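Q: If you read the protein sequences in the order shown, they are chains A and B.
Per my numbering, residue 120 is the first one in the first sequence, and the count goes up by one each step.
Per my numbering, residue 737 is the first one in the second sequence, and the count goes up by one each step.
Careful, some of the hints might be misleading.
[What the hints assert, rightly or not] Ranges between beta-carbon positions, derived for each pair:
(1) A:L524 - B:S899: 45 to 53 Å
(2) B:S837 - A:A220: 35 to 43 Å
(3) B:P865 - A:K441: 56 to 64 Å
(4) B:P865 - A:K563: 41 to 49 Å
(5) B:S899 - A:T754: 52 to 60 Å
(6) B:A844 - A:K563: 52 to 60 Å
(7) B:S899 - A:L385: 56 to 64 Å
(8) B:S899 - A:Q592: 45 to 53 Å
(9) A:Q592 - B:A841: 52 to 60 Å
(10) B:S795 - A:A220: 54 to 62 Å
None of these hints come from the bench; they were simulated from the model.
Model, not experiment: these values are computed from the prediction.
The beta carbon of each residue, even a glycine, is placed where N, CA and C say it ideally should be.
Now for the letters of each chain:
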Amino acid sequence: MPLHPLKLGIGLAVAAAITALGAGNAVPQAAGQAPGPFTAAQATAGHAAYLENCATCHNRTLQGGGEAPPLVGSPFINSWGRRGANELYGVIKASMPLGNANSLSPETYQQIVAFLFQANGATPGTAPFNGEGTAKIGSFATGKMPAGLLDAPVAAAPARRRAPVMPMGLVVAGTVKNYTPVTDAMLTHPSENDWLMHRGNYQAWDFSPLKQITPANAGSLQLRWVYALDEGGRQQFNPLIHDGVMFVSNNRTNTVQALDAKTGELIWENRIGPVLDNLENATRTMALHGNLLFYGATDATVHALDARTGKEVWKTVISTYKNDKVGGMTVIRGKLLVGLTRCDDLSVQDHCWIAAYDTQTGKQIWKTLTIADKGTPGGDTWGNLTNDQRAGADAWISGSYDPELNLTYWGTGQAKPSRQVERGTDGDALFSNSTLALNPDTGKMQWYYQNAPGESLDLDEVYERVLVDHGDQKVVLEVGKTGILWKLDRTNGKFLDLAQTVFQNVWVKFDKKTGRPTYRDDIIHQKADVAIASCPSPQGGHDWPATSYYQPGDLLLIPLSQTCAMYGAGSQLFYEMPGSNGNLGRISAYEAKTLKPVWTFQQRAPFLTSIISTAGGVGFVGDFDRVFKAFDVKTGKTLWDTRLGTGVQGFPVTYSVDGEQFVAVTTGTQGGSPVQKPRTMLQEVHRSETGQAVYVFALPKKR
Amino acid sequence: MLLRFLMPVLAAGLLCASAAAQTYQANLGPMPLDEATKRNMLGRGEATASWDGKTLTLSGRFAGLPSPATKAYLFVGPAIGVPGTESFDLTVSQADTGTLSGQIALNAKQAAAFRTGKLYVQIDSQKAPTGNLWGWLLPQHFDAPPGEPQQGPWFLPQLDTPSR
Numbered sequence: 120m121p122l123h124p125l126k127l128g129i130g131l132a133v134a135a136a137i138t139a140l141g142a143g144n145a146v147p148q149a150a151g152q153a154p155g156p157f158t159a160a161q162a163t164a165g166h167a168a169y170l171e172n173c174a175t176c177h178n179r180t181l182q183g184g185g186e187a188p189p190l191v192g193s194p195f196i197n198s199w200g201r202r203g204a205n206e207l208y209g210v211i212k213a214s215m216p217l218g219n220a221n222s223l224s225p226e227t228y229q230q231i232v233a234f235l236f237q238a239n240g241a242t243p244g245t246a247p248f249n250g251e252g253t254a255k256i257g258s259f260a261t262g263k264m265p266a267g268l269l270d271a272p273v274a275a276a277p278a279r280r281r282a283p284v285m286p287m288g289l290v291v292a293g294t295v296k297n298y299t300p301v302t303d304a305m306l307t308h309p310s311e312n313d314w315l316m317h318r319g320n321y322q323a324w325d326f327s328p329l330k331q332i333t334p335a336n337a338g339s340l341q342l343r344w345v346y347a348l349d350e351g352g353r354q355q356f357n358p359l360i361h362d363g364v365m366f367v368s369n370n371r372t373n374t375v376q377a378l379d380a381k382t383g384e385l386i387w388e389n390r391i392g393p394v395l396d397n398l399e400n401a402t403r404t405m406a407l408h409g410n411l412l413f414y415g416a417t418d419a420t421v422h423a424l425d426a427r428t429g430k431e432v433w434k435t436v437i438s439t440y441k442n443d444k445v446g447g448m449t450v451i452r453g454k455l456l457v458g459l460t461r462c463d464d465l466s467v468q469d470h471c472w473i474a475a476y477d478t479q480t481g482k483q484i485w486k487t488l489t490i491a492d493k494g495t496p497g498g499d500t501w502g503n504l505t506n507d508q509r510a511g512a513d514a515w516i517s518g519s520y521d522p523e524l525n526l527t528y529w530g531t532g533q534a535k536p537s538r539q540v541e542r543g544t545d546g547d548a549l550f551s552n553s554t555l556a557l558n559p560d561t562g563k564m565q566w567y568y569q570n571a572p573g574e575s576l577d578l579d580e581v582y583e584r585v586l587v588d589h590g591d592q593k594v595v596l597e598v599g600k601t602g603i604l605w606k607l608d609r610t611n612g613k614f615l616d617l618a619q620t621v622f623q624n625v626w627v628k629f630d631k632k633t634g635r636p637t638y639r640d641d642i643i644h645q646k647a648d649v650a651i652a653s654c655p656s657p658q659g660g661h662d663w664p665a666t667s668y669y670q671p672g673d674l675l676l677i678p679l680s681q682t683c684a685m686y687g688a689g690s691q692l693f694y695e696m697p698g699s700n701g702n703l704g705r706i707s708a709y710e711a712k713t714l715k716p717v718w719t720f721q722q723r724a725p726f727l728t729s730i731i732s733t734a735g736g737v738g739f740v741g742d743f744d745r746v747f748k749a750f751d752v753k754t755g756k757t758l759w760d761t762r763l764g765t766g767v768q769g770f771p772v773t774y775s776v777d778g779e780q781f782v783a784v785t786t787g788t789q790g791g792s793p794v795q796k797p798r799t800m801l802q803e804v805h806r807s808e809t810g811q812a813v814y815v816f817a818l819p820k821k822r
Numbered sequence: 737m738l739l740r741f742l743m744p745v746l747a748a749g750l751l752c753a754s755a756a757a758q759t760y761q762a763n764l765g766p767m768p769l770d771e772a773t774k775r776n777m778l779g780r781g782e783a784t785a786s787w788d789g790k791t792l793t794l795s796g797r798f799a800g801l802p803s804p805a806t807k808a809y810l811f812v813g814p815a816i817g818v819p820g821t822e823s824f825d826l827t828v829s830q831a832d833t834g835t836l837s838g839q840i841a842l843n844a845k846q847a848a849a850f851r852t853g854k855l856y857v858q859i860d861s862q863k864a865p866t867g868n869l870w871g872w873l874l875p876q877h878f879d880a881p882p883g884e885p886q887q888g889p890w891f892l893p894q895l896d897t898p899s900r
């Protein structure tokens, strides 16, 4: 057989990236500022269309954020400078807006592309852009944004996706009868009847002592009630249960509701607002304390509602940066701890943090930055970057808490921009992708452990920190997007052990004493205009669908995903993980003490809920393809399943009312990588883009 | 259904992966794709490759391509899951469903790449001329069928493929 040493063997965009590598790394510059293939009127209209359709993810400043790449500056030019204007138009039209591709008119797409050209320094010409021009973008755009462009007046946004006018405020008045104030003691030792906090208890177990539902009877589970929720937003919230009342929310309309958890009867409803097309962030967490229910709205405000009536008691603005969002949230010793996320602006004032607020007043008590500035501990890990060039380390998942040690454990996300070569430093970038142990009274960082130093591929380590005791050994366990299951001594942050749960090719080895990983050579020597193969993809080997700790069997039940990506250089291309046989979803059980594998289960569709387990020996989980199932936690065998209205996503809960055990789960339609990747890859799966609801199941009623 | 479940369901008696394994398997799925390209990159397939110390003998099948296959290759990548540039031609049916095969003499370096899981099969098609399907040749192993739990331990490429 003949050998073809230079034949390209990968998809179109990957081929483009490699071709670009061969051509060198210099950033193309505009030659004499040749006019771009668009008009000023198009760009002006495109600015408004961009704000309406793109800015929620890519930021009004075009700097990107979260999983959305920057659309301005050298990252944009490095990615697109050698590619044709028509190619950019084609990609945007075929894939955007997220989850609603090809939904705008061709003229609107052309206007948005014209605005991107202008924002990258291109000078408007006389001929309108029609989507077909093949001129290389680098021949007319420099990447340098004209001064004042973003301050220019913008026409009113079109009404295409505006919500219909709806009544706001406390639209359904009612009172929860016999509500018991939630105390610190109740949070420390929650009743098995309740689900008082994100993931059920301070240890983040997603485990319930309830045992009415067993492997022997789970097959007879029945739908008890369903309640339709507002459409839109990234619905991934964790219902809270107390005294037979279920609290639910929707983060597009910022609506909070109290339902009778046994019957599904609506007790009160507060439409807090604002109503936003909030596609860029989920509101996963609410919190309870005293008579208050805390909700983080999508305009970076925290609202304390009277849990009995839904009336607002106080609200506080946690950030004035428009894109910032409320991340994790939990109550510890009378303080509401909040993590900030989507703090993407390159500004000292927009560094991410974890803060504590007085639950009675909303007044901030302390704030701990998750970015190390110059001159502070860890500040030298960002190289020579000025403080306003340091970003990321979002605290978007709630922390866990050890009352004995009086330490709360939070994870942080990746540094931003995600890729080292775009950040401008190959340093570790503390305290990104780390485990932080904080004193909840003062915010003082007791210790930190950086799981993924200097990470480059949007592989967060922000997820749940599960606290487990084995005799005298107190450990904290976590799985990040690389799928590494980390075990640390939670008294001091010392690395103890790790296990690889899915295929990963990002790290080639680990220091046996410290756990510090070594990156693959082409990641270390990455180039701005070359995509990097990453297994797992930014969907994560593990993402926000959280692990359950089945305490009776010392089992960690971990939802996992099996996709890879060609990441960077302006786009992401997804592919199945080698060895997965096309199964994007996996659940694996590991013994927590030894990290030994116990059982695994694969399927085509990825799982989009946390797993919960119960003392009855039954686990529950939902997936992208609308299936909600019960399984035997000891073997992984499916005991019961049913299909719901759309993707099953969020955080299932189980609770008891009048001696009867219920299981609740939500459906939702939008999301980040865990939804986007399978939406692109599972072309045979068709789900409704409506159908958000909460479903409640129980065993048949005794007649 | 055929496309969705055209996965290798190997007999339970198959040997687990080991350094001595000489027969490797690949499950072929879509090449890296996005919203703009995904409709041209459907299909599934499978391949096996045996190494006798001199020659690699490969055979496989595929189905469900959106357009007829045009070429097939065996590529050498720098790591499992990382695309490469060095390739060998394979014989492939010029159809949307068919077979592929080849016999390739590998030098020592290429044989080491085979042993360490760095070889992958790629099929091009008319609508996806730079790649429609691909799959990494990994040591033959048992996978429980989709939907069936497998009691551990189970195959993970980075742990169960020889590193040298």
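Q: With reference to the structure, classify each hint as holding or not holding.
A: The hints, checked one at a time:
The given range of 45 to 53 Å is broken by A:L524 and B:S899, whose C-beta atoms sit roughly 39 Å from each other. At roughly 38 Å, the beta-carbon separation of B:S837 and A:A220 lies within the given 35 to 43 Å, and the hint holds. Taking 56 to 64 Å as the suggested C-beta distance range, the pair B:P865 and A:K441 does not conform, at roughly 44 Å. The supplied range of 41 to 49 Å is broken by B:P865 and A:K563, whose beta-carbon atoms lie about 59 Å from each other.
In this structure the supplied range 52 to 60 Å is violated for B:S899 paired with A:T754, their Cβ-Cβ distance being about 32 Å. Separated by about 58 Å at the C-beta atoms, B:A844 and A:K563 satisfy the suggested range of 52 to 60 Å. Taking the beta carbon of each, B:S899 and A:L385 are about 59 Å apart, inside 56 to 64 Å as hinted. In this structure the hint that B:S899 and A:Q592 lie 45 to 53 Å apart at CB is violated, the actual value being about 31 Å.
Checked against the hint of 52 to 60 Å, the pair A:Q592 and B:A841 passes, with Cβ atoms roughly 55 Å apart. Here the CB-CB span from B:S795 to A:A220 is close to 38 Å, at odds with the stated 54 to 62 Å.
Checked against the numbered hints given earlier, this structure breaks hints 1, 3, 4, 5, 8 and 10; the rest are met.
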